[in-house]
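Participant: Once you know that position 71 of the sequence shown is 71 in this note's numbering, the rest is easy, because the numbers rise by one and skip nothing.
Calculated from the structure, these hints are not laboratory results.
Glycine is no exception: its CB is placed at the ideal position from the N, C-alpha and C atoms.
Wrong hints could be hidden among the right ones.
What the hints assert, rightly or not - Across the chosen pairs, the derived CB separations fall in these ranges: (1) Glu40 with Lys66: 19 to 27 angstroms; (2) Gln25 with Pro81: 31 to 39 angstroms; (3) Asp182 with Glu40: 32 to 40 angstroms; (4) Asn102 with Gln228: 33 to 41 angstroms; (5) Gln98 with Ser251: 23 to 31 angstroms; (6) Lys290 with Asp15: 24 to 32 angstroms; (7) Gln25 with Arg178: 35 to 43 angstroms; (8) Lys290 with Glu126: 18 to 26 angstroms; (9) Ser68 with Gly92: 26 to 34 angstroms; (10) Gln74 with Gln228: 39 to 47 angstroms; (11) Pro270 with Gln74: 45 to 53 angstroms; (12) Gln74 with Glu40: 14 to 22 angstroms; (13) Glu153 with Gln228: 31 to 39 angstroms; (14) Asp94 with Phe47: 36 to 44 angstroms.
To be verified - Straight-line Cα separation of at most 25 angstroms, DSS-like style, residue types lysine-lysine; simulated pairs: (15) Lys276 with Lys290; (16) Lys50 with Lys79; (17) Lys290 with Lys262; (18) Lys127 with Lys160; (19) Lys160 with Lys290.
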Amino acid sequence: MIIDCHYHHDLNLLDTEQLLDKMNQNGVDKIVLIPCMNGEIPQPPEFLLKAMRFLLTHRLLRGIAKRSAANFNQQGNLKLPIGEIEIYRDPGHDAVYQAIQNYPDRFWGWVFVNPQGEHDPIKETEKWLDIPGFIGVKAHPFWHQYGPEKLIEVAHVAAKKGKPMLVHIGFNQDQQLRALIDDVPGLKLILAHAAFPGYADTWRLIRNNENVVVDLSAEAYVDERITQQAVNFLGVDRCLFGTDGPYGTKSEDGLYDYGLMKRRIENLFPSASVQKKILGENFLTFSGLKNTHEALQAS
Numbered sequence: 001m002i003i004d005c006h007y008h009h010d011l012n013l014l015d016t017e018q019l020l021d022k023m024n025q026n027g028v029d030k031i032v033l034i035p036c037m038n039g040e041i042p043q044p045p046e047f048l049l050k051a052m053r054f055l056l057t058h059r060l061l062r063g064i065a066k067r068s069a070a071n072f073n074q075q076g077n078l079k080l081p082i083g084e085i086e087i088y089r090d091p092g093h094d095a096v097y098q099a100i101q102n103y104p105d106r107f108w109g110w111v112f113v114n115p116q117g118e119h120d121p122i123k124e125t126e127k128w129l130d131i132p133g134f135i136g137v138k139a140h141p142f143w144h145q146y147g148p149e150k151l152i153e154v155a156h157v158a159a160k161k162g163k164p165m166l167v168h169i170g171f172n173q174d175q176q177l178r179a180l181i182d183d184v185p186g187l188k189l190i191l192a193h194a195a196f197p198g199y200a201d202t203w204r205l206i207r208n209n210e211n212v213v214v215d216l217s218a219e220a221y222v223d224e225r226i227t228q229q230a231v232n233f234l235g236v237d238r239c240l241f242g243t244d245g246p247y248g249t250k251s252e253d254g255l256y257d258y259g260l261m262k263r264r265i266e267n268l269f270p271s272a273s274v275q276k277k278i279l280g281e282n283f284l285t286f287s288g289l290k291n292t293h294e295a296l297q298a299s
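Please build the complete structure, drawing on both the sequences and the hints.
Facilitator: What follows is the structure, given as structure tokens:
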């Protein structure tokens, strides 16, 4: 079973029917949908992305990347060299809920929380995790501008329910991340985008903690070299497939090239057993959904 564990359900770029077509064309069985948290993201030229990745993967140069990649205005919107991105403080769950209701065999959902927002993250978590199809909690300390330790309370709820948490950390947050991990040792934690922006520095922090894994999503943040390095450092079992769609390269139809990230995994790791793990089995096992999946197959 091939599972994309990191996809933003932005209906302005791909509606649900178009997304299903893309899934079928590219052999993806299921997506874990993230409520949309932002307005339009301008597509930066590849040379800028390449330069950013170079700066980020060199500790002494990372501060240069931070100055352009973590520049927020008073409204909380992200100001980049390519334009301004509107950031939603409280992403709504309606579109994800509807997709799950209409296609429960193709979609799961993440519950999006923001400790800095208007909605109580505990109430949001308990409300949505009680609805079939919502399988874990998503948070974005980077774009919502808070430290990962602010998630400790909601992380305890997720851990108690046996649900994973997907987190996109920001710059200089490794110590706050450590506080979260230490306070909630039973939490199943997924660090988005190969643990952007610290990459190998953060990998060293989590190396001996099998309750923390990474996803390999986002072509902007994770290229082939970083993908290979993450798998080499953490091991195949701790790397998960995700796309970060519908943001990124477009295909000939003018829509998001949904197959790009899957093709990358297949090209980098020709072993069928390795592909099986990264492209789906690891997520099922880590999230505690493997038994549920096997039960559904047997029914």
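Participant: Now look at each hint and say whether the structure bears it out.
Facilitator: These are the hints, each one checked on the structure:
1. Distance hint for Glu40 and Lys66: a CB-CB separation of about 23 angstroms, consistent with the stated range 19 to 27 angstroms.
2. For the pair Gln25 and Pro81, the supplied restraint of 31 to 39 angstroms holds, since their beta-carbon distance comes to about 34 angstroms.
3. Roughly 38 angstroms separates the CB atoms of Asp182 and Glu40, a value that falls within the hinted 32 to 40 angstroms.
4. Under the hint 33 to 41 angstroms, the C-beta atoms of Asn102 and Gln228, about 37 angstroms apart, fit the expected range.
5. The hinted range of 23 to 31 angstroms is satisfied by Gln98 and Ser251, whose Cβ atoms lie roughly 25 angstroms apart.
6. Judged by the Cβ atoms, the range 24 to 32 angstroms given for Lys290 and Asp15 holds: they are separated by roughly 30 angstroms.
7. Here the CB-CB span from Gln25 to Arg178 is close to 42 angstroms, well matched to the stated 35 to 43 angstroms.
8. With their beta carbons about 24 angstroms apart, Lys290 and Glu126 fall inside the hinted range of 18 to 26 angstroms.
9. One distance hint, 26 to 34 angstroms for the beta-carbon pair Ser68 and Gly92, holds here, with the actual separation near 29 angstroms.
10. Distance hint for Gln74 and Gln228: a CB-CB separation of about 40 angstroms, consistent with the stated range 39 to 47 angstroms.
11. In this structure, Pro270 and Gln74 meet the distance hint of 45 to 53 angstroms, their C-beta atoms being roughly 50 angstroms apart.
12. In this structure the supplied range 14 to 22 angstroms holds for Gln74 paired with Glu40, their Cβ-Cβ distance being about 20 angstroms.
13. Here the CB-CB span from Glu153 to Gln228 is close to 37 angstroms, well matched to the stated 31 to 39 angstroms.
14. The supplied range of 36 to 44 angstroms is met by Asp94 and Phe47, whose beta-carbon atoms lie about 38 angstroms from each other.
15. For the hint pairing Lys276 with Lys290, the CA-to-CA distance comes to about 13 angstroms; that is within 25 angstroms, so the pair holds.
16. Annotation: proposed proximity of Lys50 to Lys79 holds, straight-line Cα distance about 19 angstroms (limit 25 angstroms).
17. Distance check on the hinted pair: Lys290 and Lys262 sit about 21 angstroms apart at the alpha-carbon level, within 25 angstroms; holds.
18. Proximity of Lys127 to Lys160 is assessed by CA-CA distance (about 15 angstroms); at most 25 angstroms being required, the pair is judged to hold.
19. Between the alpha carbons of Lys160 and Lys290 the distance comes to roughly 18 angstroms, so the proposed pair stays at or under 25 angstroms and holds.
Violation of the numbered hints given earlier is absent; every hint is satisfied by the structure.
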